[in-house]
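> Below, each chain spelled out in residue letters.
Number of protein chains: 2
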Amino acid sequence: MPIPPPDRHLHIGAIIFPQIDQFDFTGPFEVLSRIPNSTFHIAWKDKSPVRDARGLLLTPESTLAEVPPLDVLLVPGGSGQVPLMEDETVLSFIRTQASHAQFVFSVCTGALTVGAAGLLRGVRCTTHWASFHVLEHFGAIPVNERVVVDGKFVSAAGVSSGIDGALRMAALLRGDRVAQEIQLYMQYAPEPPFHSGTPETAPAEIVATARAAAHDLAETRIAIAKRITKPATGPKSTSSAAAS
Amino acid sequence: MPIPPPDRHLHIGAIIFPQIDQFDFTGPFEVLSRIPNSTFHIAWKDKSPVRDARGLLLTPESTLAEVPPLDVLLVPGGSGQVPLMEDETVLSFIRTQASHAQFVFSVCTGALTVGAAGLLRGVRCTTHWASFHVLEHFGAIPVNERVVVDGKFVSAAGVSSGIDGALRMAALLRGDRVAQEIQLYMQYAPEPPFHSGTPETAPAEIVATARAAAHDLAETRIAIAKRITKPATGPKSTSSAAAS
Chain A
1 MPIPPPDRHL HIGAIIFPQI DQFDFTGPFE VLSRIPNSTF HIAWKDKSPV RDARGLLLTP
61 ESTLAEVPPL DVLLVPGGSG QVPLMEDETV LSFIRTQASH AQFVFSVCTG ALTVGAAGLL
121 RGVRCTTHWA SFHVLEHFGA IPVNERVVVD GKFVSAAGVS SGIDGALRMA ALLRGDRVAQ
181 EIQLYMQYAP EPPFHSGTPE TAPAEIVATA RAAAHDLAET RIAIAKRITK PATGPKSTSS
241 AAAS
Chain B
1 MPIPPPDRHL HIGAIIFPQI DQFDFTGPFE VLSRIPNSTF HIAWKDKSPV RDARGLLLTP
61 ESTLAEVPPL DVLLVPGGSG QVPLMEDETV LSFIRTQASH AQFVFSVCTG ALTVGAAGLL
121 RGVRCTTHWA SFHVLEHFGA IPVNERVVVD GKFVSAAGVS SGIDGALRMA ALLRGDRVAQ
181 EIQLYMQYAP EPPFHSGTPE TAPAEIVATA RAAAHDLAET RIAIAKRITK PATGPKSTSS
241 AAAS
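Heads up: the protein sequence lines correspond to chains A and B, in order.
Be aware that the first sequence starts at 1, since it is given in the working numbering, and climbs by one per residue.
Be aware that the second sequence starts at 1, since it is given in the working numbering, and climbs by one per residue.
Hints were generated in silico from the structure; no laboratory data involved.
A few of these clues could be false.
[Stated by the list, open to error] So the derived list for chain B, only partly shown, Cβ under 7 Å to chain A, looks like this:
no.: 1; residue: 23
no.: 2; residue: 63
no.: 3; residue: 132
[To be verified] Computed beta-carbon distance windows for the label pairs:
no.: 4; chain 1: B; residue 1: 19; chain 2: A; residue 2: 141; range: 38 to 48 Å
no.: 5; chain 1: B; residue 1: 100; chain 2: A; residue 2: 214; range: 35 to 45 Å
no.: 6; chain 1: B; residue 1: 46; chain 2: A; residue 2: 61; range: 15 to 25 Å
Ideal Cβ placement from N, Cα and C applies to all residues, glycine included.
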């Protein structure tokens, strides 16, 4: 994908929603709001503040209808993305923007929302580790990497991986030097005090507890995925050949 | 410093303000809002939304006067911290909270605000790389590390280092296991796509440009530091022995 000319103004936009995980949004915002010659649009159905999963108030400043055609659509996740998977207003917004955007950038379980919009069939992508097994229910190809780029679809894994994904996006949009400038400004030379950032490296008992805590929400997501993809795949008795 | 008993409810609070760097706050919020048995207070002089340096609206939900005695006071930075260094309402709030808090946690140039409150004399601490040389003007002992803990004062370097600092704080408050649980939830296993996170590792020409861009703001901070510490240190002709 060619880098857009520097003199082309870029429109970057994010949806925010009740029970979002704020960091899925604020991490990428920190990076992408610093892209030269760009405007960042923060959008939701109306302009009332929404509370993130831990209570932080975030305020949208555009309605979905007001958002211009975007070059980049950022779709964050969090438990509040569950109802979005059956929200035709949101799914239609994502489909329309995706049809002309240069990139659709999902962070965390935002990938499941993009999947529910029907856009990830056959697409290599990732999501939060606790929902990784949900991706296949949308016909996506799950890839256990922190950031996955497949054509116009860029996906970051859980929460904090949105920072790494956004720096990759910055490089895709304006070149490595711009991404490096932003990284230096942010002093992003991370030193996690523990090695507990993935199920592969965290202490086993912590992973087991976290998996158990996340189980019901993941099952809910799978149930919705099965329900909304049913029209596309047909009844269970239909052969897979007839279902594509 | 002993870990507080798990059954003691912790009050954690942050000041936010116009032209804050939102990530100095939202990074630590993501971690500290997940501390078990705690309440997070987001405070400013009034409850009107404030815009961060890139335009993001953040909404305080407590006035400074309403904030209870805090166990942890988070002081973020950003260009908007400059006027706070001469804002007696803010400095007095920080001093009062610091007098009984278990920890004062500065992120980025928030350290300069804490320094302006007169709390960092003889304290080992850090701040954003572009303001590192400002710290000594508050009598602090600059330490070029990503997170510095000196007694009750915990400081993180620029912007994104607040995540690492907050995970250290979580461990100090509730033990390593809680910090590891939060790290796993956040999937914090960073993979920066470039090695440009510090002046020591970034490409030289990017560092030079960034230093030049940051020069005037750092000079303003030094000028304020000299002005406000003058009564404590006396006129320049006074010997240092008389100045302590």
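> Kindly indicate which numbered hints from before are broken by the structure, ordering the numbers from low to high.
Violated hints (numbers, rising): 2, 3; every other hint is consistent with the structure.
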